[in-house]
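Peer 1: Once you have looked at the hints, place chain W on chain Y.
Number of protein chains: 2
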Amino acid sequence: MKKLSFLVLFLSLSRLGVAQSTDKDLIKEIYDAALQNGKSYAMLHDLCTKVGHRLSGSPGAAAAVEWGRHTMDDYGFDSVWLQPVMVPHWVRGQQEVGRVINSKKIGSKDLTILSLGGSIGTGPSGITANVIEVKSFDELKQHGQKNVQGKIVFFNRPMDATKINTFAAYGGAVEQRANGASEAAKLGAVAVIVRSMGLNNESYAHTGGVRYAPMVKQIPAVAISTQHADLLSKVLKDDRDLQFYLETHCESLEDAPSFNVIGEVKGSEYKDEIIVVSGHLDSWDVGQGAHDDGAGCVQAIEVLRLFKMMGYKPKRTIRAVLYMNEENGLRGGQKYAEVAKLKKENHLVAIESDRGGFTPRGFTMTGTESFKSKIRSWKPLLEPYDLWDFSQEGGGADIGPLGPLGTALIGFLPDSQRYFSYHHTQEDTIDKVDKRELELGSASMAALVFLIDRYGLK
Amino acid sequence: MKKLSFLVLFLSLSRLGVAQSTDKDLIKEIYDAALQNGKSYAMLHDLCTKVGHRLSGSPGAAAAVEWGRHTMDDYGFDSVWLQPVMVPHWVRGQQEVGRVINSKKIGSKDLTILSLGGSIGTGPSGITANVIEVKSFDELKQHGQKNVQGKIVFFNRPMDATKINTFAAYGGAVEQRANGASEAAKLGAVAVIVRSMGLNNESYAHTGGVRYAPMVKQIPAVAISTQHADLLSKVLKDDRDLQFYLETHCESLEDAPSFNVIGEVKGSEYKDEIIVVSGHLDSWDVGQGAHDDGAGCVQAIEVLRLFKMMGYKPKRTIRAVLYMNEENGLRGGQKYAEVAKLKKENHLVAIESDRGGFTPRGFTMTGTESFKSKIRSWKPLLEPYDLWDFSQEGGGADIGPLGPLGTALIGFLPDSQRYFSYHHTQEDTIDKVDKRELELGSASMAALVFLIDRYGLK
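Residue numbers (my numbering), protein chains in the order written: chain Y, 27 to 484; chain W, 27 to 484.
Calculated directly from the structure, the hints in this document are not laboratory data.
One or more of the hints may lead you astray.
Where chains are identical, the list cannot tell them apart; a pair therefore holds if satisfied intra-copy or between any two copies.
[What the hints assert, rightly or not] Okay, derived cross-link-like pairs now, DSSO-like style, lysine-lysine, Cα gap no bigger than 30 Å in a straight line:
id, residue 1, residue 2
1, K50, K405
2, K65, K458
3, K189, K135
4, K334, K189
5, K334, K167
6, K167, K339
7, K458, K212
8, K50, K189
9, K161, K50
10, K189, K405
11, K212, K341
12, K76, K458
13, K398, K263
14, K54, K161
15, K172, K161
16, K189, K65
17, K161, K65
18, K260, K54
19, K484, K458
20, K177, K65
21, K398, K189
Isolated chain Y, as found in the complex:
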């Protein structure tokens, strides 16, 4: 009896040994391929320089859809298709102006502003008004209608630089950008200027979506560079009656037709179990959308390409999904989940990369405890590649709508320190991306997909 159980133990251990060593070897093969012959950077260079920025509904977005389809077609995935989706179509229009007028301190001076996505414009005659600076919605409410009525509200609470995780700092400040316009409008403000969501002293502004509350008057909303936010705040201290001139020409047009772009490699054993790797194809209308989120798109495509290049035939079906319209509507992610539900597709897991192409550090997870334990059980295989952080909750905006269908959600988690230097700005360009960091991200996602494909999540 003792002898038998020893034998069983021995056999299990050696089988484990073989499996582990094969996993180890295959994961090394994935990383070697990515680091020696990876195409993530070349793809991203292409997308950034040939297409450039690509806000939903824009010609750039249409070009990006074609870029995605052609790129995946060229790699010869089993099938590549476009999934139609109607998207919001917001346009910035001509040159925007934000001008301090006749300040006692600095005279008249143009400041660096940038309309927030989805904002209405001021129209060609602009808005001229006094400015009231606040740091929070509470402070705004304390001022009350009598102090806010007819003014431009200047939300100037900085992101908290002491947060080590910059996404936490973003989370603590972004309500000003998202909801500030409606909060101010409730008290009669005529426009809002929001301090850019950046951690440094920067000369350029960060755009990003504004969310108008239903039944509240819509007023123009612009971001101001952190440098000029500091300047404006300083000037306002001595000159409360300062006049500010704002002129923006943005507007929302009719919804436009667009597409999610999907590439697929069919599973050999469990073809009905789908693993999604994804990023979003749209970007804001400044810069090149390199880190946000060209990086995620090329990493998703690269997972399938690496497998193909290595001759690895997945047991499960793997899809690269490039969602349209993450930035100002999430219509792509919603449409994808809607179709998945309609077709009764079984999405085992969805992974999104939407935190930039920086050095990988781990994955965030949303789902059952048993799913999380399963993923964490692979830590010993992933730690040699500096994937050490499996502790955070999270997934991705576009894959969120799959959650209610029972799909486990995973977010690729790279280093966060530089992300908010580029996010939603003219600076989010290909030269800010390091090739090795980007390719390592692709390899990290591929390694995880390989393990899920091989062992499932049960």
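Peer 2: This is chain W only, laid out in the frame that chain Y set:
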């Protein structure tokens, strides 16, 4: 008895609780100060743009010494002084030429080359010779004198991109640069061209030190950009009789006087126990020496400045040391240890930052097991700041000579992915440094110094 031991346990635990919480608070204070009011980036900007590159013996090095002294003087450290040291004085001289002549494939074409530091020059008439490409010293030896005599040897083994730690990749290739000239000269070669120590396809070359072996004829040694290394290799395949023209004007002058720059805050309790935080002040004569190693210098200064700003009075004496001549002689590090020995100074520990100003990940250590255990016992306090890697052996080139005096050695360990894109090149400039990543490095070093200062290493 039971009651008593319970009481003792309770008291120890609560004391531990207090100490831990104070440590935690003080470490948070350090990080908050660095992230909100850190001066590392401003200092580095100054050094890079006002001084620029600063090879030992150059006017830039002299300016950097004054920069270091003034910077620390201005911060009001207890004392700031210069420690004299004689350094090698190598100069590059006028424009260098590396030219393929009359290749069947590409005709005549100038390639991007850069003399290795310490190399002799070809003289104004240059060297014209055939080129023989090899990947290793073994391959070179197999060719033997008959194939090498009179030729230029082209060492073209790339850094191994599959190593996740790029310093391991560097370690596996750098012998070609350091020792290639002498190995080739032993077989009668007239010069060497060495593939740049870079991981990417780059248009610029990486310099770095060549070490001539004693009693072996010295021959000119240049680096070639990775892009042109690939081109030269391709051309050589079809055209073995290719002629290459090399013209360099570098030379070694007489040793020159220079200095280590030292700033000190005196300990209040154990002033004879010295903690060194350091980087090296010299750089190669291209770029601005931003990551290598301006970053280390400003981080060392910043540790003392942060303590001063916070009003933290160290129990032990803390010195910021900016070593001269790490790149081509290590004379500064040797001199510092020599003086320490002569004065019988007790250096408890020396920390060096010389791996760039990137996101921190931990510390390397060289010393006794009990020292390493002590440092690792603080991991719970440091992990919230993403310091997780305490496993690697190492210290720093400049602090190495303190090792034999019984000093424990620590190397600051940041993310390594981007380092070799800039190392020893024209690209190592301030715009490649991220402010947050740099300041986080200073805070990480300060947090560790704080713990060592408070608890010692026993």
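Peer 1: For the identical chains here, do K177 and K65 meet the 30 Å Cα criterion within one copy, between copies, both, or neither?
Peer 2: This pair counts as neither: shortest intra-copy Cα distance 51 Å, inter-copy 37 Å.
Peer 1: One pair to classify: K334 and K167, alpha carbons no more than 30 Å apart. Within, between, both, or neither?
Peer 2: Cα proximity of K334 and K167: none, with 58 Å in one copy and 40 Å across.
Peer 1: When no copy is named, should K161 and K50 be tagged within, between, both, or neither for a Cα gap of at most 30 Å?
Peer 2: So K161 and K50 pass the 30 Å test across copies only (29 Å; inside, 51 Å).
Peer 1: Please work out whether the CA atoms of K260 and K54 approach to 30 Å or closer within one copy, between two copies, in both situations, or in neither?
Peer 2: between (55 Å within a copy, 29 Å between copies)
Peer 1: How do K161 and K65 come out at 30 Å by Cα distance, when the copy is not named: within, between, both, or neither?
Peer 2: For K161 and K65, only the inter-copy Cα distance (26 Å) is at most 30 Å; the intra-copy one is 45 Å.
Peer 1: Between the shortest in-copy and the shortest cross-copy C-alpha distance, which are at most 30 Å for K50 and K189: within, between, both, or neither?
Peer 2: The answer is between: 15 Å across copies meets 30 Å, while 35 Å in one copy does not.
Peer 1: Reference check for the pair K189 and K65, CA-CA at most 30 Å: within, between, both, or neither?
Peer 2: Classified as between: cross-chain Cα gap 18 Å, same-chain 34 Å, threshold 30 Å.
Peer 1: For K76 vs K458, is the C-alpha pair at or below 30 Å within one copy, between two copies, both, or neither?
Peer 2: both (17 Å within a copy, 25 Å between copies)
Peer 1: Go through the copies and call it for K54 and K161: within, between, both or neither, with a Cα cutoff of 30 Å.
Peer 2: Result: close only across copies, 24 Å inter versus 50 Å intra.
Peer 1: If the cut is 30 Å between Cα atoms, do K398 and K189 qualify within a copy, between copies, both or neither?
Peer 2: Result: close both inside a copy and across copies, 26 Å intra and 29 Å inter.
Peer 1: Within a copy, between copies, both or neither: where do K189 and K405 come within 30 Å Cα-Cα?
Peer 2: Answer is both: 26 Å inside a copy and 19 Å across each meet the 30 Å cutoff.
Peer 1: 30 Å Cα cut-off: does K398 pair with K263 within a copy, between copies, both or neither?
Peer 2: For K398 and K263, neither the intra-copy (51 Å) nor the inter-copy (53 Å) Cα distance is at most 30 Å.
Violated hints, listed in ascending order, are 3, 5, 6, 7, 11, 13, 19 and 20; each of the other numbered hints is respected by the structure.
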